[in-house]
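Just so you know, the working numbering puts the end of the sequence shown at 264, numbered straight through with nothing missing.
Take these hints with a grain of salt, some might be off.
To be verified - Pairs of lysine-lysine residues, derived as DSBU-like cross-links and limited to a Cα-Cα distance of at most 35 Å, are as follows:
| # | residue 1 | residue 2 |
| --- | --- | --- |
| 1 | LYS246 | LYS174 |
| 2 | LYS233 | LYS124 |
| 3 | LYS230 | LYS119 |
| 4 | LYS251 | LYS174 |
| 5 | LYS40 | LYS174 |
| 6 | LYS174 | LYS193 |
| 7 | LYS119 | LYS251 |
| 8 | LYS174 | LYS227 |
| 9 | LYS5 | LYS40 |
| 10 | LYS5 | LYS227 |
| 11 | LYS116 | LYS40 |
| 12 | LYS5 | LYS124 |
| 13 | LYS5 | LYS125 |
| 14 | LYS233 | LYS5 |
| 15 | LYS233 | LYS119 |
| 16 | LYS259 | LYS246 |
Hints were generated in silico from the structure; no laboratory data involved.
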Amino acid sequence: MTNSKMTYEQLNSLPVWDTMPTITLGEMSAIKLMNRVDTKFVMPERLLVQLLEMAAEEYSVQGIDGVRACGYTPLSCDTADYDMYTRHHNQQLVRQKIRSRRYEESGQCFIEVKNKTNKGRTKKKRIVIPDSAFDCVASHAEAHAFLSERAAYTPEEIAPALITRFDRITLVNKAHTERLTIDTNLRFRNVRKQTEGEMEGLVIVELKQDGMYFSPMKEILQRLRVKPFKVSKYCLGTVLSQAEVKHNRYKRKIRLIEKMLYNE
């Protein structure tokens, strides 16, 4: 069963952008929240416009040259035996993800090490890399040095595993204590198997807070009957594009997501 989806062009021409304040990329860069608490939600795309309309008075949207739904392309790395994926799948609290990321509108590329602590906090470190190093970070001198210092894995242990492409809307609240990312049009490509996966109509919302502040978005999502739902785009894409990995827990998650997407 399929679910309708908005194109990149449709997302960037929504009437709600005429009523929601815009924040620039430069202004947003000052709100890093690199040590934070993340709460994820999943919802069907059919609720997206309603969510944005309800958020218009309390949030600003990041704009880059008039674009509000920006293209993102992360490339997740892993060991040969998918140790990073397996640790997440097995619900180990302390874990790490390594990825390069390209921001399509700005042209910026980064290599990033993302750590999850046993207190549920997310800590990220990243550096800028040239676009030419996007899919070969371990062989790029500066990225190699960064990974050698920051990663729990040596650069020689890891290799590209999964490319994820999606359109991202980024909101920030008036107090600048939280950011909200809304990811839609997710497509996955397993670079080792050359296989693809997709879940049409899925939207992943992630609330990023630097403390336990009041969040208007939590109230909005509650009114829309959207509940917190732990999900990793890397794990989801790996399961959808590669049947050989251990996936019993994520298969259950996928069934729950499908029920939410297709049972109105």
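We went through each hint and held it up to the structure:
| no. | hint | in the structure |
| --- | --- | --- |
| 1 | LYS246 to LYS174 | violated (42 Å) |
| 2 | LYS233 to LYS124 | holds (17 Å) |
| 3 | LYS230 to LYS119 | holds (15 Å) |
| 4 | LYS251 to LYS174 | violated (38 Å) |
| 5 | LYS40 to LYS174 | holds (20 Å) |
| 6 | LYS174 to LYS193 | violated (44 Å) |
| 7 | LYS119 to LYS251 | holds (26 Å) |
| 8 | LYS174 to LYS227 | holds (23 Å) |
| 9 | LYS5 to LYS40 | holds (20 Å) |
| 10 | LYS5 to LYS227 | holds (21 Å) |
| 11 | LYS116 to LYS40 | holds (14 Å) |
| 12 | LYS5 to LYS124 | holds (31 Å) |
| 13 | LYS5 to LYS125 | holds (33 Å) |
| 14 | LYS233 to LYS5 | holds (18 Å) |
| 15 | LYS233 to LYS119 | holds (21 Å) |
| 16 | LYS259 to LYS246 | holds (22 Å) |
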